[in-house]
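Enquirer: Here is what each chain is made of, one letter per residue.
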Amino acid sequence: MYKSLRKNLPKISLSLFVVFILLILPMFQVQQTVKAQGTLTLSTAFPGVTVKPGETIEFPLKVIGSGLPSRVVELSVESMPQGWSGFFEGDGRVIHRVFASTPGSDEEELEGLDDLYFKVQVPSEVSEGSYKINLKATGQGASDTLTLDLAVSEETHVSGKLVAQYQKLEGPSSAIFNFRVSLTNQSSKERTYSLGANVPEGWEVSFIPAYEQDQRQVASISLEPGRTQQFDVQVKPAKQTKAGTYDIPIAAQSPEETLTSELQLVITGTYEMTLTTPTGRLNAEAHAGKEQTVTLNIKNEGSADLKDISFNSSEPQNWSVTFSPDKVDSLAAGETQQIKAIIKPDSKAIAGDYVVKLTANTTETQSETELRVMVKTPTTWGIVGVIIILIIVVGLLYIFRVFGRR
Amino acid sequence: MSVGTTIAEKLKWLYKVLLEDEEPQDDYGELKRKGLRALYRKELADHFRSKRFLIVLLLIAVTGIASVYSASLGIGEAVMEEGNDFVFLKLFSSSGEALPSFAAFISFLGPLVGLSLGFDAINGEKTRGTLSRVLAQPIHRDAVVNGKFLAGVTVMSIMTVALVLAVGGLGIILTGIPPSLEEVIRLLLFIVITIIYMSLWLCLSLLFSLLFRQTATSALAGIAVWLFFAIFMGLLAGLIANAIVPIDESSPATLILKNQHLQQNISRISPSILYDEATATILNPAIRVLGPILVTQAEGAIPGTLPLGQSVLLVWPHITSLIAATMICFALSYIVFMRQEIRA
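These protein sequences, in sequence, are chains B and A. All letters in the first sequence, in the order written, are residues 8 to 413 by this note's numbering. All letters in the second sequence, in the order written, are residues 123 to 466 by this note's numbering.
I should point out that these hints are in silico values taken from the structure, not numbers from a laboratory. Take every hint as true, because none was put in to throw you off.
Computed list of lysine-lysine pairs in DSS-like fashion (alpha-carbon distance at most 27 Å, straight line):
1. B/355 to A/380
2. B/246 to B/306
3. A/380 to B/351
4. B/126 to B/196
5. B/383 to A/380
6. B/306 to B/347
7. B/306 to B/364
8. B/297 to A/380
9. B/347 to B/364
Please model the entire structure based on the sequences and the hints provided.
Expert: Structural data, given as structure tokens:
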């Protein structure tokens, strides 16, 4: 057995060598082909992006391999700044492997592979600057890295527009103000903006889309890319709003951006007052030639303070009307003050009803009230008449006594 | 039974004396009361039976009813012009197309009632010789004049009340408007003033029947005074006023006003004018002033009605004057009668 082995050794070694060669050669050849032909590419369309702190961004990724023995590719994050987080997402799930597509592969094969993203959550507390994330795709015999460059900036480019037609409106507090505002979505995606405004307490604000039959109030507006929607910001100030300028910040907020604009409302003060009696009774009784006091209420019903209120009256001739106090220096909005009017009819006034007009004046406004004054005849002469009759009765009785009983 | 102190007691006494058949208690009172009561009843009976009374009653009843009927025809227009208040009173105060108002008729014919009841009261009895016989009875002498006056007032009161009720009833039928409470009170006041007014003329005719021996003379005197006051007083007042305060077209307003006031005050000597003004004011609450006024006084005045008290106050002097004149006339008649010598 040994002899035969010896005798055959050259043959065996040769054949072994051949076998070895035969075994090695293909391997050698294969390895050469891998190194020469297999490529893997991990790419995204925009590897450098400006982001805001707190924002979540997605990078659509493409993994293309060619000449690979296996198209299964392992995805991993090589390095990420401290505090940042990111993951691969495909078809709504977190993934770590992807089936690479081949260049020039048909549409059918590409389908489903489009849905690959790398999602990055930018920390909300991060200083401005440039941050880098390295991604790696490792396939069989080939790998590729992708560096994402994120420039964190507080100010990001806003893709929408929120513009008011007239930013400043003016009017009294009783008016309703309509600001025509147009909202434009300049991004390439449909966006839903929720609308809001910051108004002082007691004010009412509503958003009404323009050019619509029914005045519907909306809380949000959905806009397709490139579209512009006009709507009215209807502001109803509180009744007792004091005169002045009011800023009303409005905002349209979508998940991606916040559009703000500032509206300005100039409330002009209203001057209004009423002069009446506390009970609302507008008649009084007075005796001819005698003073009669009538209590009056003056109320400031406007939104501005009234200054230097003076009173005057229009009464029949020979009558006198005096006011106490005859002047009110200042009356704040909403306040009421009591004054007295002392009416003295003519001493020869005929009994019956008369009109006395009382007016309160300021430089801005006036209020007039008509008082019906009933003049009564003094009863003095009535008593004199009774006395005359009594004297005559006594005289008659005296005559009876003197001349009667005969 | 004594006369009593309060008015209520006095009225009770008068009622007892005049109407109750109760026998008096003491001798003195018996004589007196018997005399007054007997004479009062006799006078009442005489009046109610006399044809004169019937004629006068018919006269004022016919004119009164005619005037109210006439007024009721024009009441629609009056309501249109002057408003809806006190429509019922307008029946009495507003004149129709053809006839003067009820109040105007009473103002004119009321004196005739008073005169007709009194012009021959004393001298008629004297002429017939009945007075000395009456006075021969054991009665007080003043019972005669008192009885005649009270009986006359009673007759006139019955007449006035009956007439006003009759025409008022007629007015309700014709217009369908019932009177309000204030209207009723105003009508009552109207009746009272009318009775006082007629009583004045009764007293005046009583006085004339004492002063003149002939009944025709006293009747004529009464008619003369009546016509003078009713018709000529107004004309005369104008003449006197123009003589004292002459005015022409270019006179200032104050002078014209003075003239007008004077004229009005002079004409107020006439009881007819006093009665006219008083009843017009009572029956028409819209009247606020009597006589002319300056425009300035009316400035700022609202057309409206006066409350009852104010209306009464406005004509209180008129009412006082009428009452006073009546009493003075009666007192004069009383004195004249008591001092007169009466022979059979």
